[in-house]
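> Read top to bottom, the protein sequences are chains U and E. Under numbering that gives the first Met the number 0, the first residue of the first sequence carries the number 0, and numbering increases by one thereafter. Under numbering that gives the first Met the number 0, the first residue of the second sequence carries the number 0, and numbering increases by one thereafter.
Any given hint might turn out to be false.
To be verified - In silico lysine-lysine, PhoX-like type, Cα no more than 20 Å apart, as pairs:
1. 86(E) x 24(U)
2. 24(U) x 65(E)
3. 72(U) x 1(U)
4. 43(E) x 1(E)
5. 31(U) x 72(U)
6. 31(U) x 7(U)
7. 43(E) x 86(E)
8. 1(E) x 65(E)
9. 31(U) x 86(E)
Said to hold, decoys possible - Per the computed footprint, the stretches of chain E lying under chain U, defined by three or more beta-carbons under 8 Å from a beta-carbon of chain U, are:
10. 51 to 62
11. 66 to 77
Hints in this document: simulated from the structure, not taken from any laboratory. From the three backbone atoms N, C-alpha and C, an ideal C-beta is built for every residue, glycine too.
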Amino acid sequence: MKEQMILKRRIEKGDFNRGGETSSKLKGLLRKLGVEAIINRRITIVTYELEMNIIIHSNGGEISVLVTPDKVKVMAEDRGPGIEDIERALQPGYSTADDEIRNMGFGAGMGLNNIEHYSDDLEIETEMGKGTRITAVVNL
Amino acid sequence: MKLAGIISLLQLEPLMEPDGVEFEVRTACGCDLMSDVLAFSQEKTLLLTGLTNPQVVRTAEMTDIKVIVFVRGKRPQPETIELAREKGIYLYLSKKPMFECCGLLYDRGLNSEEIRKIK
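Isolated chain E (complex conformation) (with noise of 0.2 Å):
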């Protein structure tokens, strides 16, 4: 699914430019723990989280996710947002709770991660 669809779909607010619109997005994980993130991440994931501080970023890095969108209107520190352009890492705010987001993506067709491991 391409990231500008789930823009309208979420009503996600860009934090940054550029915005990443043509991103392709295959599966989603909504995540407030750093290591289950590193422990589950597959590549073209979108992030949805309500954590804000720069490690979310990092995080993100490690596992090339390219995408993470802030829940609750939870609106992530300067830090974070600077680091994320640093690292060519897309961020958008979202008004909805965390389950309502998860919950229209999975109804649009968005898979979730597997829950396994890479190796």
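Bound conformation, chain U alone (with noise of 0.2 Å):
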């Protein structure tokens, strides 16, 4: 298996009907890679809470995984408005999703927590007023 851009879809700002689907297309994308099951799940777990992330909190973004021989790299960006309190924001628990959100099931503050304790490697560069670019890294 050489390196390779395997998926990378444009996820609009508040598209709950969409919310999903990248996840889901990457995760028949990664069986059909032979990736192993408890490792495919690993993966598709991170990218559905970055794609969920973009969807309720950001004005927008992208989603690209990048698949090499010994890892699969999962890239998020977005067009802000960016993370205030990247500290706080990690804590299970904490969260900024209104009323609305938490009524859908949303917003219980474990998000950035599922995506740090399920990957290998996390890195989250943000700007306030510009976005952020969030890379989870799970060894295969």
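Take each chain as given, in its own frame, and dock them per the hints.
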């Protein structure tokens, strides 16, 4: 398996109807590539949390997934508004989601925490007013 | 525990065909927060929930949950049922509240999920 970008998708702000489509597609692609089920699940959950974060919290963005012989890199980049306090955002239970989001079952404050837990490496770059880029790596 | 046994225990109404009655369930999870399901779920888990929007099916898909029981008589949206059908996830409806459903299953020996994350 050589290095290849297997998925690249725009994610629109507030697009709950399509939320999860990207992660679902990725799950199928990883299965076809022969990725072990438990690792597939970790990558899929990370991607789903990233995808939903873009939909819920951002002005829209993009997810891309790179596969190399020994790891899968999921990159989520958005157009703002940025994360004010990364340390706080990583705390389980902390969320900036509003009531409407919580009524849908989101905003539990576990998103970034889940991403951190299921990845082997995580980088978060953010700038208020500009955007956020999150890179999560899961080793194969 | 076979799903067929759970169907009669909780008096479940199937929401689609096929109904997956032969499916083996090992653990159960009662949850109304998506990210908690994503944090803690294992395979062969039955999810009990009051959330009826399609994202609950997406959450189940991501965590390989195959059976969802909507409690408190909360009928899911048509889009939710359609997505479940597409993904091969079985949906059921119980008029009983969450607490009672969980208690009945636990009493029958169904294990709760371990509070640990897969890694």
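> Give a verdict on every hint.
Verification of the hints:
Only pairs whose Cα atoms come within 20 Å are accepted, and residue 86(E) paired with residue 24(U) is accepted, the gap being roughly 12 Å. Taken as a hint, the residue 24(U) and residue 65(E) pair is honoured in the structure, with Cα atoms around 18 Å apart against an allowance of 20 Å. Taking the CA atoms of residue 72(U) and residue 1(U), the gap is about 14 Å. The hint holds against a cut of 20 Å. This hinted pair checks out: residue 43(E) and residue 1(E) have alpha carbons roughly 11 Å apart, not beyond 20 Å.
Restraint check for residue 31(U) and residue 72(U): the C-alpha separation of about 17 Å stays at or below 20 Å, so the hint holds. The straight-line distance between the Cα atoms of residue 31(U) and residue 7(U) is roughly 17 Å, inside the 20 Å bound, and the hint therefore holds. Proximity of residue 43(E) to residue 86(E) is assessed by CA-CA distance (about 15 Å); at most 20 Å being required, the pair is judged to hold. Between residue 1(E) and residue 65(E) the CA atoms are separated by roughly 13 Å; this keeps the pair inside 20 Å, and the hint holds.
Using a Cα cut-off of 20 Å, the hinted pair residue 31(U) and residue 86(E) holds, with the two alpha carbons roughly 16 Å apart. For a cut-off of 8 Å, the count of residues in the stretch 51 to 62 of chain E with a CB near a CB of chain U stands at 9, and the three-residue condition holds. For a cut-off of 8 Å, the count of residues in the stretch 66 to 77 of chain E with a CB near a CB of chain U stands at 0, and the three-residue condition is violated.
When the structure is compared with the earlier hints, a violation turns up for hint 11 alone.
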